[in-house]
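Undergrad: As a plain string of letters, each chain reads:
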Amino acid sequence: MNSILRLKRDWFSLFLPSRGTQRRGLKLNLRLRLGLAILAVLVVASFTLPFFSDVDPMQQGTYAKNLPPSWEHLLGTNSQGQDIFWFLVFAMRNSLLLGVAVSFCVTVIATLVGLSAGYIGGWYERVVMLLTDSFIIIPVFPILIVLGALFRGRASFWLVGMILVIFGWAWGARTVRSMALSIREREFINMARFSGANTMQIILWEVFPYVYAYMVVGFINAILYAINTEAALAVIGLSNLEVPTLGSIIFWALNYNAMFIGQYTWIVAPVIATVLLFLGLFLTSTGYNELYAAKRGHS
Amino acid sequence: MKLAQYIAARLGVYVVVLFMGITITFFLPRLMPSDPIENYIAQLQNQAGQTLSEAEVMQLRATLAELYGLEGSLFTQYINHLKRIFLTFDFGPSFASFPRPVSEFIWVALPWTLGLLTTTTFIAWSLGNFIGLLAGFFHNNRLATALEVVGVLIYPIPYYILALVFILVLAYIFPVFPLSTTIRPGPLTWSKIQMIATNSALPALTLITAGFGWNILSMKSLAYATKEEPYVTFARLKGVPPRKIMISYVFRNALLPQVTALALSIGMIFNGALLTEILFSYPGLGLLMRTAVGSGDYNMLYGTITMSIMAVATAALVIDLLYPLFDPRIRYK
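Those protein sequence lines, which keep their order, are chains V and Z. Heads up: the first sequence runs through residues 1 to 299, numbered per the UniProt record's numbering. Heads up: the second sequence runs through residues 1 to 333, numbered per the UniProt record's numbering.
Since the hints were derived computationally from the structure, they do not count as laboratory data. Misleading hints may appear alongside valid ones.
[What the hints assert, rightly or not] Which residues of chain Z face chain V? A few of them, derived with a C-beta cut under 8 Å, are:
(1) I24
(2) F27
(3) R30
(4) P156
(5) V165
(6) L301
(7) V312
[As the list claims (entries may be wrong)] Output of the computed footprint for chain V on chain Z, the stretches with three or more beta carbons under 8 Å from beta carbons of chain V:
(8) 117-128
(9) 157-164
(10) 243-257
(11) 261-267
(12) 286-296
Source: prediction; values computed, not measured. Glycine included, C-beta positions come from ideal geometry on N, C-alpha and C.
All chains should be modelled from the sequences, with the hints used to inform the complete structure.
TA: Dropping the structure here:
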């Protein structure tokens, strides 16, 4: 009976703090607040500003080259005659889009694989975990370099994303599985099984609610992974450099020796922007973790 | 008996990982739309500045197919590939410097990568765990909190950003270290050791800085949790000195998950090392890979990638086999 009532639980409420926390006035900790604030500024700016730009930031020679920062060009222009500020805005937006899209797929796959392996067990679990362990141990970066070499920059931006998904799900799957292993032994799982729920129902409605808090954290960490790996590939010139991303702006700056010709904003601005974005994502992820640890009474 | 079981299981995983890694590297390029032989022929024609005759191209194609082991069905190719790598460690000749075998280049580059990786991983791991232990054990201490904040701020910054910042600050604005690595060959004398040290300092600093933040954070939470265990409270009430509690009671037990995590994160640290090598032109596997990409040297690429998978899998195996030394109970999951 209990499990049938559970089935009607509203999924959205899972993502809000429990009633006890709400009564105390939704005590967000410092890290979470800082992280969310940084993210909010970056996300809002990079998603609304492109509507006010009628110039493609990749278009070369739009403006005079190597202008210093001014009101017209907030961060100056680069050696290709592009406005650095607008390039950065588009780069931030594209990196975030890629990160969120990749992270969504990674999180779904990791949760499905991890939960099913942990709950079903037996041979299925052994085979799946062997596969997962191999994907964790195999260094992804050299494989991406080979793929980048084979495509020679012709890979579309989304293909890069797909490859990141294929090599990114293993870490999450491992963690989710270890959580599922402990939940499997609890009494209410047996209760649900005896009430006639099938494996899929139990995984989704009984086990999932216990791992969702981790999944939110995992989701943010996967965004970090995706943006980081794509940018790393772009910095060494192996991603799609025609699309402005945080990595490709750094690549072009390095390629034109921005440091040596005194174009500091060209190289320093994307570095600061990237560090801010990573810090924001990381603070949000650890802050959220802390919030839920506090809610569960472990901290 | 349990120990033997643990070792056998771990060796099994090792073999499977190697096998899978080599399988992936074998099939990936063959699923791709681009064909290395056609690419190479196109490149040759470009360099020659004129089109080669039809017969010459055919001959070239056959020779290259034989050279790359691209003859026969996919299955025979695969078996030959496995045989060549496992039995003779042969990746074929290099493209860019034709008759010399790829394995020769790999043997030259490998010590650099392994040297950089083992030194920096060891330093970052010890330093991070030590700071993390202090921060967790004295969690009310101001200094400990400050150290933790430093960890939080540094940890999420990616390798390439740190590398750029270090190059910008320590090699360009304040030229303390050389901009890129220049190591002349020659016998191992004192001055050569010094030269290697100054040239390796900046890449090493990048890897250590990027690596130790995570250790601080995880060690801090582990030490903090272990500190609250009943046996620690008992030791404190019994009058065991705090330093002994910290080292023998808290540290020893908080260390175990850190060893496991180290084994699992070896692959990631390795990714960072390759990237760092490329950015600093450090003469290891990463730079070899990047040069191979630049010159379309496919044999070199597959050689280096197979080698890196072997290196990482072996490192993880070694750490896992050392695990029983840290944990007398041998908790095998």
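Undergrad: A separate judgement is required for each hint: does it hold in the structure or not?
TA: To see whether the hints hold, each was checked on the structure:
1. I24: 7 Å, holds
2. F27: Since the shortest Cβ distance to chain V is 11 Å, the answer is violated.
3. R30: 10 Å, violated
4. P156: 4 Å, holds
5. V165: Nearest chain V Cβ about 7 Å off; hint holds.
6. L301: Holds: closest Cβ of chain V sits about 5 Å from L301 (chain Z), inside 8 Å.
7. V312: 5 Å, holds
8. 117-128: Violated: only 0 residues of the stretch 117-128 of chain Z have a Cβ under 8 Å from chain V.
9. 157-164: holds (count 6)
10. 243-257: n = 0 at 8 Å, threshold three: violated.
11. 261-267: Check passed, 3 qualifying residues.
12. 286-296: holds (count 5)
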